[in-house]
Amino acid sequence: MKIDKESIDLIEERKKALKQLIPDIFTEGKIDFNKLREALGDFVETSGERYSFSWAGRIQSIRTRDKRSKATLVPSRKESVNFDETKNVFIEGENLEVLKILQKAYEGNVKMIYIDPPYNTGKDFVYRDDFTDSLRSYLRYTGQSNGNGEKATTNPETSGRYHSNWLSMMYPRLFLARNLLSEDGVIFVSIDDNEVHDLRLIMNEIFGEENFIAQIVWKKRSGGANDTGYIVIDHEYVLVYAKDKQSADIQDIEYNEDNLKLYSNKDKYVQERGPYRRMLLAQTSLRYSEKLRFSITAPDGSQITLPNDGKSTWRWGRNKVKWGVEQEYIEFVNSNGEWKVYTKQYLNVDPDGKKIERGARPRTIYSDVDGRQGVIRLQEIFDRRLLEYPKPVELIKHLIKFSTDKDSLVLDFFAGSGTTAEAIFEYNVEASSHRKFILVQLPEPTPEDSEARKADYKTIADIGKERLRRVIKQIKEEQKQKKLEGKENLDLGFKVLKLSKSNCFVWDSEEAKDPNTLVKHIEESAKGASKAEAEALIFELMLREGFKLDSEIQKIKQGKNEFYKISDGEHALWMCFDDKIDDEAVKKLGLAKDDKLVVLDSSLTDTQKVNLARKLRVETV
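The letter at position 94 of the sequence shown is residue 94 when you use the working numbering, and the numbering goes up by one with no holes.
No lab work stands behind these hints: they were computed from the structure.
All residues carry an ideal CB built from backbone N, CA and C; glycine is no exception.
Check before you lean on any hint, since a few could be wrong.
To be verified - Straight-line Cα separation of at most 20 Å, SDA-like style, residue types lysine to any residue; simulated pairs:
| no. | residue 1 | residue 2 |
| --- | --- | --- |
| 1 | K266 | I330 |
| 2 | K322 | T297 |
| 3 | K320 | F332 |
| 4 | K406 | E183 |
| 5 | K78 | D491 |
| 6 | K397 | D368 |
| 7 | K322 | P351 |
| 8 | K245 | N109 |
| 9 | K16 | R68 |
Stated by the list, open to error - Label pairs and their calculated CB-CB ranges:
| no. | residue 1 | residue 2 | range |
| --- | --- | --- | --- |
| 10 | G569 | N34 | 43 to 49 Å |
| 11 | I556 | K19 | 35 to 41 Å |
| 12 | T364 | S295 | 38 to 44 Å |
| 13 | K219 | D267 | 36 to 42 Å |
| 14 | N265 | S295 | 23 to 29 Å |
The whole structure should be built from the sequences, with the hints applied where relevant.
Dropping the structure here:
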């Protein structure tokens, strides 16, 4: 069986899901839409008028989304740090193609996505999508085919499709990104007033309005900027959506100084329980219950009762109050001859006396993150101002804190200068955690007369990779000074991979119209994958078969043949790229019926293929 040389077929995957859910709507392999309407009953909208969201170019953007990719990711060891051990990944390439390539291996595996896409100000870069062949478009852009590359496009306000062009760029990327989120995963998207309204609409369509969590407002500047024509804009937004709001894992954040000031009272238990704050035991509740209405005996023996207003109750039941008095979790305060009952909310224990670390719910307004810190930090790293508007590390660290666990995977497919990666490196040091990242950045050229170009950084991706190297070096030096080097088992590295043509032969009907090109393709087909470097082919086939980029790769010598075993903890994939494969060598591997072996098509005879297929799964390239 020939291995599939393209990315996952999204249309077929959706058909399979629909067939599993409602099998009776299929007739001879095709959807019968009359049966679908019957199956959905009252859920089908039959009236002519309804609320909907659309834009010029929507259909084309759907085609862009659904077109399968023929590209691959090629490792670049020389640009990486700790390539063989690290689980972090930096991908240089067009993010739409990359998202398609990652679908099979990473579906449902990403806990957090953060992106800072172009804001559509009329000057910032807009990705050029060609739904007929986005790979060829990318190769032309980067100078890998037909000349020295193309210039990035802008989306001026004079364009008749100013908002539509931006929406068509964002839609397929957000759609594919959603597939990668885990069920409890969350996506954060930075944006400003130019497109926040359109972004809300498109994310409602892709993620569902019911999965909207928040629209965070963060103050990006303090003072200055009085040259505006109308009102000074001090803020930007971060939209927050869940894959499934009911499953979303939004965690409490550490108390700040203002929170801690609330815990101002101390008693004899302060060493064990910490300071406490008073909270009235009485409450007015819509869920009125007679069981929560009873008298409480005050220290002087008098009875404390609640107003007879039909809504006042105690927050604790009778037995809990008795326990609270005995364990001194309840405090009585006499004010002007009237007793009031308070519970003691201790900082270090919960109402049941169990040890806890208190936190506060995240809030929608951030006023303590200075937008200028993004520029300042980049200047500290490079000793010059290479980019205009990098996000502050603290902003992304804050988002990471309440939306990820210690081993979570974070994706940023508009990576820019790599702020997300630095935030993860820093937070892993602070929390002794093992969060991982996948960053994707287009090799967008830096302007000819820019500080970046003068410093020999030809692309934004080059800046991002170098930033990561310098941050890693800085952290290692700090760890060494603290004599912690190697003790915390931090992952201070990243693999670099680059978007490129497939290492496997893929028929290109457009190029094959030329007779000379056709002959060349036939020759390539005959040679198969033998010309490709083994490592590049391994990474391509790993992703095609659904194995992650940080899977373990072992080289195993068996007789005259060299095999590669790829493991991700649960499954294993075997590969061999030798010209001829010995049956005895395969036998000694002891492969099971469910194991898969990928080999060159020319390396096995027809008889070998038949015999091996009886014992295990064999695919050829």
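Q: Take the C-alpha atoms of K78 and D491, compute the straight-line distance between them, and say whether it is at most 20 Å.
A: Status holds; Cα separation ~18 Å.
Q: Look at the Cβ atoms of N265 and S295 and judge whether their distance stays inside 23 to 29 Å.
A: holds, 26 Å
Q. Can the restraint linking K397 and D368 be considered satisfied, given a maximum Cα separation of 20 Å?
A. holds, 13 Å
Q: Check the following: the C-beta atoms of K219 and D267 are separated by a distance inside 36 to 42 Å.
A: Hint holds: Cβ distance 39 Å, inside 36 to 42 Å.
(Q) For a C-alpha distance cap of 20 Å, please report whether K266 and I330 respect it. (A) This hinted pair holds, its Cα atoms lying about 13 Å apart.
Q. Is the Cα-Cα distance between K320 and F332 20 Å or less?
A. With Cα atoms ~15 Å apart, K320 and F332 stay inside 20 Å; holds.
**Q.** Agreement of K16 and R68 with the hint, judged by alpha carbon distance not exceeding 20 Å
**A.** Within the cut-off at roughly 17 Å; holds.
Q: Compare the distance between the alpha carbons of K406 and E183 with 20 Å, and conclude whether the hinted pair is satisfied.
A: holds, 17 Å
Q: Check the following: the C-beta atoms of G569 and N34 are separated by a distance inside 43 to 49 Å.
A: Hint holds: Cβ distance 46 Å, inside 43 to 49 Å.
Q. For the pair supplied as a hint, K245 and N109, is the alpha-carbon distance within the 20 Å limit?
A. This hinted pair holds, its Cα atoms lying about 17 Å apart.
Q | T364 paired with S295, Cβ distance criterion 38 to 44 Å | A | Holds - the Cβ-Cβ distance for T364 and S295, about 42 Å, lies within 38 to 44 Å.
Q: Please work out if K322 and P351 have their alpha carbons no farther apart than 20 Å.
A: holds, 13 Å
Of the numbered hints stated above, none is contradicted by the structure.
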